[in-house]
Amino acid sequence: MKQGLFEICQNVPLTESVYKMVLRGNTEDITSSGQFVNIKLDGFFLRRPISVCDYDENTLTILYKVVGKGTKAMSQMQEGVLDVLTGLGNGYDETVSGETPLLLGGGVGVPPMYKLAKNLIAQGKKVSVILGFNTKNEVFYEEEFKALGACVTVTTVDGSYGIKGFVTDAMKNKEYSHFYVCGPEPMLKAIYSASTTSGQFSFEERMGCGFGACMGCSCKTVTGYKRICKDGPVLFKEEILWEN
Amino acid sequence: MGKLSVNLCGIELDNPVIPASGTFGYGYEFAELYDINVLGTFSFKGTTKDARFGNPTPRIAECSMGMINAVGLQNPGVEKVISEELPKLKKCFNKKVMANVSGFSVEDYAYTCQKLDACQQVGWLEVNVSCPNVHGGGLSFGTSPEAAAEVTKAVKKVTTKPVILKLSPNVTDIVSIAKACEDAGADGISLINTLLGMRIDLKSRKPVIKNKMGGFSGSAIFPVAVRMVYQVANAVKIPVVGMGGVASAEDVIEMMLAGATAVEVGAANLIDPFACRDIIAELPKKMKEYKIDSLKDIIGGVQ
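Line order of the protein sequences matches chains A and B. The numbering used here runs 24 ahead of the 1-based position in the first sequence. The numbering used here runs 5 ahead of the 1-based position in the second sequence.
These are calculated hints, taken from the structure and not from any lab test. Please note: incorrect hints may appear among the correct ones.
Facing chain B, according to a computed beta carbon distance under 8 Å, are these residues of chain A, among others [claimed, not checked]:
#1 M25
#2 G183
#3 Y185
#4 K213
#5 A214
#6 S217
#7 M231
Positions of the beta carbon are idealized from the N, C-alpha and C atoms, including for glycine.
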């Protein structure tokens, strides 16, 4: 983990509520796709944990949804410098993907799939991606995934774009060696039941610190208590216990 | 003795800054970030007789200048703390640590404190009496002078280490509780624990925290903490450890003027993992600015 100052280079809407922010700063502590950053915002007590969409040596891209006052304030920033904790969370294990991994993102669970897809494609894997949204005007990043060379399927719940239904509907016809998923909990549960291989799930929880100190985001797993922020956010299918 | 040093219940601290229990784990997580030997000491995660998962999530809610938590004393239980956590801490911290203890009966407190009394690494026992007494109708030990005194006596019987009673601010008369602890043999008082708080989500109309209520901490509670430290420090002869919303070197100085011998820093660690290191580095500059020669000299120095 590292605390650093990042300069806002870009902050633009992709849909009505999802924004893309590109930051410039030291990214050396980000070691894996699926990790997150924790951003301090002026006037707000707690930091905002947001998944990493993409990064290279000195830039960091995040896609975030405006869900409350903090992310609303973020969406209005045009320039300036942000205090960011980087390198948080375990991230995805790319070594077990097999040759034909399937990546599933639901809504604002789509962003971390981008860097993962990029890495797996660079490793020569044949990557399929299913992106799930509620409706057509919420769809984002379809073209970006295609540009990486992934086989992309989009689903919308209301059928206004792509396949009508949930990501699990598009998953039925797919053959895959391993899967990775990030999205709302009902989607994670549906995929847990529908999947036929091992896979990795990204979880979300309200966090205090984001780096393992406060025990605010604990969950029970087959292998004991884990902190979503430090021991997660990625859990393997075999270790998940559904509680609530 | 350095200009920052203070003496807490017979043990010299290089400086008065102590990360508060529940915001610093068992220390080693922070040791990956900086040399935690710069700290006066730290109070480790609240430890109970048996392992606890704690409350269901969400456990955290944000507030203006603060936060609410209802973690519920998640910890691996005293045996594992001694066999697993303390050896890990030993590798990165060569000072005495403050052991924070919670319990749900007087016997629980005594059991856990007796176990920790045998640990050389432990300098002080900080006894959190904000937990509900399961044999006393669920009311917290810290809300009655008699129950707080009973816990104090039981703990003092099983240890020779200094015992610091950590008090809840959710009471009508904090002074009577502090005095009862002092009379029962407490070596120090620490306060304030979190204030009971609650937030409601407007969209779902449900409490933000699954447990409904939780402990309110952060900068917002600092004035309440200063007031209570002042009241207690004026009423007891034993040292007082001040805490509640401390986030800067100036806050540390203010707490000490109110009567604190040492100062714990809590929620600030969660927003800025380097908070305590930076406060310690800032203290000499602020002492110069406010013409303070030695921190010891200002304890209770409010005019």
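Cut-off 8 Å, beta-carbon criterion: hint that K213 (chain A) touches chain B: violated, 16 Å
Should the interface hint for G183 (chain A) be scored as holding, given a Cβ-Cβ cut-off of 8 Å against chain B? violated, 26 Å
Closest C-beta approach of M231 (chain A) to chain B relative to 8 Å, hint status: With Cβ-Cβ at 6 Å, under 8 Å, it holds.
Classify the hint on A214 (chain A) as holds or violated, based on whether any CB of chain B lies nearer than 8 Å to its CB. At about 21 Å, which exceeds the 8 Å cut-off, the nearest Cβ of chain B leaves the hint on A214 (chain A) violated.
Going by Cβ atoms only, is M25 (chain A) closer than 8 Å to chain B? holds, 7 Å
Evaluation of the interface hint that places Y185 (chain A) against chain B, nearest CB under 8 Å: Since chain B brings no Cβ nearer than about 26 Å to Y185 (chain A), farther than 8 Å, the hint is violated.
Quick check on S217 (chain A) please, does its C-beta sit within 8 Å of some C-beta on chain B? violated, 22 Å
In summary, the numbered hints that this structure violates are 2, 3, 4, 5, 6.
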